[in-house]
Every structure is written in C-alpha cells, then in structure tokens.
Amino acid sequence: MSNSFSNQVLAQLDLWRNKDTYKVGVYVLSKQLDEEVARLHLQKIGVKLTKLTEKQAEYLGVPVEGPYKSEHYRY
Amino acid sequence: MPTTTRTETKQDYKVADINLADWGRKEISIAEQEMPGLMAIREKYAPGKPLQGARVTGSLHMTIQTAVLIETLVALGADVRWASCNIFSTQDHAAAAIAKAGVPVFAWKGESLAEYWWCTNRAISFPDGKGPQLVVDDGGDVTLLIHKGYQLEEGNDWAKSPSQSKEEQCIKDLLLAVQGENPFRWHELVNEWRGVSEETTTGVHRLYKMQQQNQLLVPAINVNDSVTKSKFDNLYGCRHSLVDGLNRALDVMIGGKVAVICGYGDVGKGCAQSLRGQGARVVITEIDPINALQAAMEGYQVTTLEDTLGWGDIYVTTTGNVDIITVAHMERMKNQAIVCNIGHFDNEIQVDPLNDRGGHQAHQHQAAGRQVHVPRRPRDFHARGGPSRKSGLRHRPSELRDVEFILQSGPRAARSLAE
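Residue numbers (this note's numbering), protein chains in the order written: chain A, 638 to 712; chain B, 70 to 488.
Calculated pairs, EDC-like style, for lysine to aspartate or glutamate (alpha carbon to alpha carbon, straight line, at most 20 Å):
1. B:118 - A:657
2. B:300 - A:673
3. A:681 - B:101
In short, the hints are calculated from the structure, not lab data. Owing to the predicted nature of the structure, the values given are computational and were not obtained by experimental measurement.
With these hints in hand, go ahead and build the complete structure from the sequences.
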C-alpha cells in the first residue's frame, strides 16, 4: 500500500497547491511523480539502479534523470 | 441554588474499542518501516506543512497501513477526518490508535449499511458546519454522496425514487435527513470543495462517467492509473492477499482444487498467480479477447463460467462489474464450492438475492483482521447461515482487498439450493 498511498499524498498536495488553477476534470499524476514513487521504494528492498550515460540517454532521446518511457508505454 | 453544569465532552470519533490503541500504535510503527514511500514524503514535506489549513476527509479502509497515510497527511499540516470505505475492512486497533492520536475517525469492523453511511457523513462533517476541501476516496462513496446531495438540492428526484438495493436506500435516507436539517448543506460544502483523489478502478470508473455526463463538480486525480498503483497493488497486492484471505476465513487446502478467476485484468492476474502458486488448477473467464489471449499464453485454461459449474471448487470475481456470479450459477455449483469477491463492491456476486431467496444454507464467513506476522490459529471467524456477512480482510504489509465468502455447506445446502 505504500505505492498507492504515496500517490494519494502526492495527489492531495497537487490538488491543494494548484487549487486555484485546476479545472474540473479527471487527471492522472505525471510520469515523473510515478517514477519518483517507485524510486522511493528501491532502497528498502535492496535494488541497485543502473544509471544511463549521457551518450545512452541521447541515443534513446530521454533525459538521464527520466522520465524514461513515453506516455503510451504499457509496462 | 446550586447550578448543575453538565460538562459533556462530546468525543469526536467512534471506534469499536479505544483500549486497542496501544496495540494499534505498535503495529503502525512496524508498518512505517514497511512503507518507505510515505515516510520519505513525510521527511521531505512535513517541515513546510504544505497542507496547512486544508480540511481533508478520507474514505478508505481504516487499516494499519491507512493509519500511516492519515498520519502523513496530518504531518503535512492537514486537518483530517476519516471513515472506512467498507463495512468490514476496519482494523479496530488501527482505528483506536488513530482516534487516540486525536484524528476524528468513524469506523469499526462490522458496520451495518446504515451505520456505514452515518460514519461517512460524520467524516465529512467538520466543526462549524464545514465540509472537506479535499477528499481521499476509495470506491468513490464520498464523491457519490456529495454529488447526489448537490443534485437533490438542484431539484433532482433520485433520492425519492425506488431503490435497486438496500444500500441505495440507506444513501437516500441519509440525503433526505440531511436536507431536512439544512436544505443548502451540499451547495455550501461544494462551494469550498477543491478536489478528490481516487484510489481504485471502480471509483475512477464513476469519475469518468460523471465527467462524461457533465456532472463532475471538482477536479479529480485518478490515483489508480498511476503505474506505481495499478501495476503494483492491484497485481502483487492481490497476489499476496487472496490466499491469505482464503486461509484465514476457511483454511481449506487450495492445492489440487479447480479455481475459477472471473476477469484477467491486473487484479485477476495477481489472483491467478496467487492460486497457481498454491497448486490450484486455475481457469480464467474473460470478455476481452486481448486479456483472454494473455491468460491462455500464460498457460491458463480460458472458458465461460457456465462451463465450470459442477467442477469448479473456488470462484473469485475480480471484474468491477455486476452479476458475474448469479444465484442461478450458484445453484449449479458443486457442493462446498467457495465463492468470493476481491473486487471493490459485493454486487459482483448476487449476495442479496441469494439471502432473500431463503431456504439455502450458504454460510458466509467473517474473518478477523489478524496480522500476518502474528501466528495464530485461523479459527477466529464465525460461520453464519443467517443474514449476509462479508469479510473484510486487511493486513500488512502491502495490500489487501476485501474478500467475501459464501460457502455452500453440506449436502442439505446443495439440495435446498436446488429446490
């Protein structure tokens, strides 16, 4: 539930911070935040993440720090 | 003449037993270690109190894990009130710990439907007649209540129309009672309502439907479709919790049994893995050709529910749809078949019609929300042949859904069902 609830808190923060500009509608959180939620859990379970080199990032056309996938990527 | 002063400190919470608070607190501190995402957010944001001044209502299973969520929102400065989003999912020690910490919480395991909606209404009733500015919803019940109330004040007569279910009537009774007290209650509330974040597939489905019909009143964030939600809690959470729920409630051998999973979405995939891991022979039912092909490529037999009647031992609904398992289906199942729902609402199985039908001996089990790491004999559930009981099973560490059981028990049951 840590994943779910981290998303919940980030959503609440987002709604509150932008309460004067948000229009009525249904939204999803950004991919940056999604990756951030995952990242927050890696250390706890002993995951070592590989880092892209500048060359690799350029080759793929993504920033070194992410987000790494296009919006239509399905995981 | 002496003046008698009645000092009533009206307690602003309702839980089963406040004395369970210390036990709850211990388990919350264990859960904090298991929820690194929330704790990192707390560390990062708590000093700036970014939710200072925000009134937040949560309607989400009042469990130990949820307690960590609540205390994160409080640490960020929010003024929080809480209810559960299922009548059986509250862990009473979690609710007690939260109440003792000073957060108004209205939740206990085994609420009636009327009590459930009373709790929901209390959770949105802040002091001085205020409502929430933000809502954390799971299944969309708070969002539904506010929208229906708002529509009633706009002249919509839904609340006065005949109800399709007992629960629907409870909502209407509440709305009419609120209207009697304050005919502008919902408009006042909506005036300050700034948004909702929705936890689950079913609630998200409701939100998109409201948006399509131009009825949505506030911005809504679909948390369910964060990849880190649906591809994790829905899949691995259910993989973890299904077997646990079955064992707590029934403790029957799963290996060798034929398990029929209705639906092969994220939840269905987790359930299929869960039961296959126990040695069950897993059969999938699907309406979507892509998901059906996925299931087949994974090695599961895919067929219709009707084809499995008479040889399926365990049925699990995961669809988010209604009437997946009907009374007519249950009449044709083998003796002692186990039927359970892991979806958000219990209308995936025709529970009310089964009970209303009478003459059957379907036992429904309510399992106590024990903690996994406490090794106890799973004998703390009660079999009931009477009114519908659902079990809301919650535990650490990752995720759990409410699982509902119906067990046709004994040859007499099979006969009376068939009669």
